[in-house]
Amino acid sequence: MPLSELELIRQAQRGDERAFTRLVSHYESLVYGFAFKVCRDKELASETWQDTFVNVYRKLHQFDGRSKFTTWLYTIVVNNCRMKRRKSKLEVASVSIEAPGGFHDTRGTDDEGRGAQTTIPPWKETPLDAVMHSELKGVLDSAIQKLPMDYRIVFILRDVEGLSAEETGRILKLSVPAVKSRLRRARVFLRERLNPYMTT
Amino acid sequence: MHRIHRHTANCRNVAKHVQEQLDYGLSSGAYRKIKEHLERCPKCTAYLDSLKKTVFLYQRYPDPHVPKRMRQRLFAVLNLH
Ligand SMILES: [Zn+2]
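If you read the protein sequences in the order shown, they are chains A and B. Take 1 as the starting number for the first sequence in the numbering used here and just add one per residue. Take 201 as the starting number for the second sequence in the numbering used here and just add one per residue.
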């Protein structure tokens, strides 16, 4: 964390309102982007965003500067995402993602969800044009909404936000092997859900 | 880490290692064995490609921008200006 940033946080901790509003403008996109990636709904993301910054405002004195500020911030937004989530009917039961065979149909498959006998059809090229079209966005939204929340958060922190397994583990209070195992399952799950769309 | 022996490497082992490869890179020995397997196994090659594309697509999904009214509402809730 740059010194000026820590100084900004300290000023906000001392009750400097302008320092706090600057802190909000530094991190508002990170929090909103993350909340949206988790819930795939702008209204819900906006509520999560507000709850998060209200928490930050009230708990800022608890931040001691020993961890990165973003680690602390992610911890708060993750908690709010969990509380905010609607009991989605789309989300599959966590049981089925833990059990081998939870990712795929019942034909002879190995534990990575691949048909042992079948061939694997190649995926079409991913779009390189600047604008991702809405049909594809819809497919991505619907696939990730079926992924249980705890796996979804690991996938987003690691693969989309680019955090290390160690930092992800600190945020979620998980061991590094647990982070890795959830990440693998999350990827396989999403891959299976995108497969029909990407092979036709 | 499970050892992959040249003659016993199967697709299932490779699938696991392929994910580690995506994450951290592998030791050169393990990497070479996976590469050898991938070179003669179109199934694993297609599978690795599809996993990479899965991650890539979610990375490319554009972030929404923060509407001004959200900030105004927050500052109103907190009594700030
Ligand atoms: Zn293979």
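Honestly, the hints are just simulated from the structure, not real lab data. Be careful, since some hints might not be right.
Stated by the list, open to error - Cut-off 20 Å, straight-line C-alpha distance, at most; resulting in silico cross-link-like pairs (EDC-like, lysine to aspartate or glutamate):
no.	chain 1	residue 1	chain 2	residue 2
1	B	K233	B	D249
2	B	K253	A	E43
3	B	K252	A	E161
4	A	K180	A	E135
What hints, given by number in increasing order, does this structure fail? 2 and 4
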